[in-house]
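J.: Let chain A serve as the given structure and place chain B on it in line with the hints.
Chains as they are written, first to last, in the numbering used here: chain A, 1215 to 1327; chain B, 163 to 278.
Treat the hints with care, as some may be off.
Unchecked claim - Partner residues are not named here, just some residues of chain A that face chain B (Cβ under 8 Å, in silico):
#, residue
1, Tyr-1246
2, Phe-1248
3, Gly-1257
4, Phe-1260
5, Lys-1263
6, Ile-1265
7, Arg-1308
8, Tyr-1313
9, Tyr-1315
10, Phe-1317
11, Gly-1318
12, Thr-1319
13, Gly-1320
14, Lys-1324
15, Val-1325
To be verified - Below 25 Å or equal to it, Euclidean Cα-Cα: the simulated SDA-like pairs (lysine to any residue) are:
#, chain 1, residue 1, chain 2, residue 2
16, A, Lys-1314, B, Thr-278
17, A, Lys-1291, B, Tyr-265
18, A, Lys-1314, B, Ser-250
19, A, Lys-1314, B, Phe-228
20, A, Lys-1283, A, Lys-1324
21, A, Lys-1324, B, Ser-204
22, A, Lys-1314, B, Gly-202
23, A, Lys-1236, B, Gln-200
24, A, Lys-1314, B, Lys-227
25, B, Lys-227, B, Pro-201
26, A, Lys-1314, B, Arg-177
27, A, Lys-1314, A, Gln-1216
28, A, Lys-1324, B, Pro-271
29, A, Lys-1263, B, Gln-190
30, A, Lys-1314, B, Ser-204
31, A, Lys-1314, B, Phe-223
32, A, Lys-1291, B, Glu-266
33, A, Lys-1314, B, Ile-174
34, A, Lys-1263, B, Ser-163
35, A, Lys-1314, B, Thr-239
36, A, Lys-1314, B, Phe-237
37, A, Lys-1314, B, Ser-215
38, A, Lys-1272, B, Val-165
39, A, Lys-1314, B, Gly-214
40, A, Lys-1314, B, Ala-164
Simulated from the structure, these hints should not be mistaken for lab results. Positions of the beta carbon are idealized from the N, C-alpha and C atoms, including for glycine.
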Amino acid sequence: AQSVAQPEDQVNVAEGNPLTVKCTYSVSGNPYLFWYVQYPNRGLQFLLKYITGDNLVKGSYGFEAEFNKSQTSFHLKKPSALVSDSALYFCAVRDTGTYKYIFGTGTRLKVLA
Amino acid sequence: SAVISQKPSRDICQRGTSLTIQCQVDSQVTMMFWYRQQPGQSLTLIATANQGSEATYESGFVIDKFPISRPNLTFSTLTVSNMSPEDSSIYLCSVAPGGDSSYEQYFGPGTRLTVT
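So that you can see chain A by itself, here it is in the shape it has in the complex (with noise of 0.2 Å):
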């Protein structure tokens, strides 16, 4: 079964720092593989994504994600966080042959001024 994990409930950074929000997956298959960010009161927003080719994925608001396939990791990163970039961030796998996301449990996000 394909899963994806998030070892981290809550990830505090000061502002100005570089910031890295953990995700490992297991699938059977290439991996497609997402992440979300989920601002209070609103739904996912979507940041970025990697089906195939390079490894290092560019999103929104200067996010960036490293895909490691040793590793089976897609981490999440930015050089420099704001504190605008606090809040819940998601890890998604599409399920193999249909659009069924599989999330992981979330990380919180925490930038502190």
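T.: Chain B in isolation, oriented as in the chain A frame:
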């Protein structure tokens, strides 16, 4: 991308009653999805709703409890029937506007349901 609206944005309902949630998309899409996000938890897929066919429900969700309509390519409704406090959740609809070529889904703002 796609712009998705949901009505109502939130509601407080009494147990035993039903609530119908509407999802409207600004473009025609084949596949729509309904998710539940319980407080402090991740998203769980309830069902996939394709226009012109019956909704496909995930394990643990049944049509009698969560009937879905999909009358056209821009609209869907999810009804939460005979509600209990355990149904208190955020309900989100999503679409995959690009089909197989884009893979990502776009989500509505959600409906926050509280059952008392």
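J.: Work down the list of hints and note, for each, if the structure agrees.
T.: So, going through the hints one by one against the coordinates:
no.: 1; hint: Tyr-1246; verdict: holds, 6 Å
no.: 2; hint: Phe-1248; verdict: holds, 6 Å
no.: 3; hint: Gly-1257; verdict: holds, 4 Å
no.: 4; hint: Phe-1260; verdict: holds, 5 Å
no.: 5; hint: Lys-1263; verdict: holds, 5 Å
no.: 6; hint: Ile-1265; verdict: holds, 6 Å
no.: 7; hint: Arg-1308; verdict: holds, 6 Å
no.: 8; hint: Tyr-1313; verdict: holds, 5 Å
no.: 9; hint: Tyr-1315; verdict: holds, 6 Å
no.: 10; hint: Phe-1317; verdict: holds, 5 Å
no.: 11; hint: Gly-1318; verdict: holds, 6 Å
no.: 12; hint: Thr-1319; verdict: holds, 5 Å
no.: 13; hint: Gly-1320; verdict: holds, 6 Å
no.: 14; hint: Lys-1324; verdict: violated, 15 Å
no.: 15; hint: Val-1325; verdict: violated, 20 Å
no.: 16; hint: Lys-1314(A) <-> Thr-278(B); verdict: violated, 31 Å
no.: 17; hint: Lys-1291(A) <-> Tyr-265(B); verdict: holds, 21 Å
no.: 18; hint: Lys-1314(A) <-> Ser-250(B); verdict: holds, 23 Å
no.: 19; hint: Lys-1314(A) <-> Phe-228(B); verdict: holds, 18 Å
no.: 20; hint: Lys-1283(A) <-> Lys-1324(A); verdict: violated, 28 Å
no.: 21; hint: Lys-1324(A) <-> Ser-204(B); verdict: holds, 18 Å
no.: 22; hint: Lys-1314(A) <-> Gly-202(B); verdict: holds, 21 Å
no.: 23; hint: Lys-1236(A) <-> Gln-200(B); verdict: holds, 22 Å
no.: 24; hint: Lys-1314(A) <-> Lys-227(B); verdict: holds, 21 Å
no.: 25; hint: Lys-227(B) <-> Pro-201(B); verdict: holds, 20 Å
no.: 26; hint: Lys-1314(A) <-> Arg-177(B); verdict: violated, 30 Å
no.: 27; hint: Lys-1314(A) <-> Gln-1216(A); verdict: holds, 11 Å
no.: 28; hint: Lys-1324(A) <-> Pro-271(B); verdict: holds, 22 Å
no.: 29; hint: Lys-1263(A) <-> Gln-190(B); verdict: holds, 23 Å
no.: 30; hint: Lys-1314(A) <-> Ser-204(B); verdict: holds, 14 Å
no.: 31; hint: Lys-1314(A) <-> Phe-223(B); verdict: holds, 15 Å
no.: 32; hint: Lys-1291(A) <-> Glu-266(B); verdict: holds, 19 Å
no.: 33; hint: Lys-1314(A) <-> Ile-174(B); verdict: violated, 29 Å
no.: 34; hint: Lys-1263(A) <-> Ser-163(B); verdict: holds, 14 Å
no.: 35; hint: Lys-1314(A) <-> Thr-239(B); verdict: holds, 19 Å
no.: 36; hint: Lys-1314(A) <-> Phe-237(B); verdict: holds, 19 Å
no.: 37; hint: Lys-1314(A) <-> Ser-215(B); verdict: holds, 17 Å
no.: 38; hint: Lys-1272(A) <-> Val-165(B); verdict: holds, 22 Å
no.: 39; hint: Lys-1314(A) <-> Gly-214(B); verdict: holds, 19 Å
no.: 40; hint: Lys-1314(A) <-> Ala-164(B); verdict: holds, 18 Å
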